[in-house]
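Whenever a hint applies, use it, and build me the whole structure from the sequences.
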Amino acid sequence: MKPFLDGLASVLAALATLAICGGPAYFTYLAIQATVAPWWAWFFIAALAGVGLLMTVAFLRKAANGIAPSRERRRT
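Position 30 (the sequence shown) corresponds to 30 in this note's numbering; numbering is contiguous.
Hints listed in this document are in silico derivations from the structure and should not be mistaken for laboratory results.
Mixed in with the good hints, there may be bad ones.
Simulated restraints, written as ranges between beta carbons of each label pair [what the hints assert, rightly or not]:
(1) Arg73 to Gly50: 20 to 28 angstroms
(2) Asn65 to Gly22: 18 to 26 angstroms
(3) Gly66 to Val36: 16 to 24 angstroms
(4) Arg74 to Tyr26: 33 to 41 angstroms
(5) Val51 to Glu72: 17 to 25 angstroms
(6) Thr35 to Val11: 31 to 39 angstroms
(7) Phe44 to Met1: 36 to 44 angstroms
(8) Phe4 to Glu72: 17 to 25 angstroms
Values in this document were obtained by computation on a predicted structure and should not be read as measured data.
All C-beta atoms in this analysis are idealised placements derived from N, C-alpha and C, irrespective of residue type, glycine included.
The following block contains the structure:
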């Protein structure tokens, strides 16, 4: 039961990471399209999307192995 709950916590952490990183990146993109933000804001979008993607993949790997987001190994 613990691995299932830890995996579920990791999936929720992955979803939270998508929301935290994806939301601002998307709205920055909209601001660039509306010419409210300068062109060099693309660099911030790329950095935020890259970090979000790396963290999401890491959390999903932990979820597949039944590891909690704040742990390195499975609980016994």
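We went through each hint and held it up to the structure:
no., hint, in the structure
1, Arg73 to Gly50: 20 to 28 angstroms, "holds, 27 angstroms"
2, Asn65 to Gly22: 18 to 26 angstroms, "holds, 24 angstroms"
3, Gly66 to Val36: 16 to 24 angstroms, "violated, 44 angstroms"
4, Arg74 to Tyr26: 33 to 41 angstroms, "holds, 34 angstroms"
5, Val51 to Glu72: 17 to 25 angstroms, "holds, 20 angstroms"
6, Thr35 to Val11: 31 to 39 angstroms, "holds, 38 angstroms"
7, Phe44 to Met1: 36 to 44 angstroms, "holds, 42 angstroms"
8, Phe4 to Glu72: 17 to 25 angstroms, "holds, 19 angstroms"
Consistency with the previously given hints fails for number 3 only.
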